[in-house]
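Participant: With these hints in hand, go ahead and build the complete structure from the sequences.
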Amino acid sequence: MRALTITVRDASTGPVVEVAGDLDYDTAPRLREAVENLALEAGALLVLDLARLEFCDSSGVTAFIVARNRAIAARTEVALAAVPAHTARVLRIVGLDQIFNLYPDADSAAMPSAVQPPPTTNDR
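Taking my numbering, the leading residue of the sequence shown gets 7, the next gets one more, and so forth.
Derived by calculation from the structure, the hints in this document are not laboratory data.
A hint or two may mislead.
[Stated by the list, open to error] Derived DEER-like restraints, expressed as beta-carbon distance ranges: (1) Met-7 with Ala-48: 20 to 30 Å; (2) Arg-98 with Ile-78: 14 to 24 Å; (3) His-92 with Thr-13: 31 to 41 Å; (4) Ala-91 with Ile-71: 28 to 38 Å; (5) Ser-119 with Asp-32: 29 to 39 Å; (6) Gly-49 with Ala-9: 13 to 23 Å; (7) Tyr-31 with Met-117: 29 to 39 Å; (8) Thr-11 with Thr-68: 32 to 42 Å; (9) Asp-30 with Pro-118: 27 to 37 Å; (10) Asp-113 with Glu-47: 16 to 26 Å; (11) Ala-91 with Thr-68: 16 to 26 Å; (12) Arg-8 with Thr-68: 13 to 23 Å.
For each residue, glycine too, the CB sits at the ideal point set by N, CA and C.
Facilitator: Written out as structure tokens, the structure reads:
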């Protein structure tokens, strides 16, 4: 089990939340709390950078949905960046690849052109 680390940085389009390690039942509340504490501005983009995510169970997927709901409430877009293959597969199976904007990396997601309209790239 790898410890979860969450780092928040600012991009010109909005916050980028870097998630590293294991996102599971025990650690998912930390991601939900980190997103809840963000100051999201209408029209901005919240990026969840998953490049260093090692493991994600259903609690982690639920945390992504909670982040999306928080973004929608703030009239903010949300994107998942650098989704690992194992997590992307789960998102596809449950249909969440249709509601999240997926990007190959955080830099692509955080480009100003990504905010309107956000392209969706799905590994199929």
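Participant: Determine for every hint whether it applies to the structure shown.
Facilitator: Here is how each hint holds up against the structure:
1. Met-7 with Ala-48: 20 to 30 Å: 38 Å, violated
2. Arg-98 with Ile-78: 14 to 24 Å: 21 Å, holds
3. His-92 with Thr-13: 31 to 41 Å: 21 Å, violated
4. Ala-91 with Ile-71: 28 to 38 Å: 20 Å, violated
5. Ser-119 with Asp-32: 29 to 39 Å: 37 Å, holds
6. Gly-49 with Ala-9: 13 to 23 Å: Taking Cβ atoms as reference, Gly-49 and Ala-9 lie about 34 Å apart, which means the hint is violated.
7. Tyr-31 with Met-117: 29 to 39 Å: About 34 Å separates the Cβ atoms of Tyr-31 and Met-117, which means 29 to 39 Å holds.
8. Thr-11 with Thr-68: 32 to 42 Å: 19 Å, violated
9. Asp-30 with Pro-118: 27 to 37 Å: Taking Cβ atoms as reference, Asp-30 and Pro-118 lie about 34 Å apart, which means the hint holds.
10. Asp-113 with Glu-47: 16 to 26 Å: Given about 20 Å between the Cβ atoms, the range holds.
11. Ala-91 with Thr-68: 16 to 26 Å: 20 Å, holds
12. Arg-8 with Thr-68: 13 to 23 Å: 20 Å, holds
Violated hints, in rising order: 1, 3, 4, 6, 8; the structure is consistent with all others.
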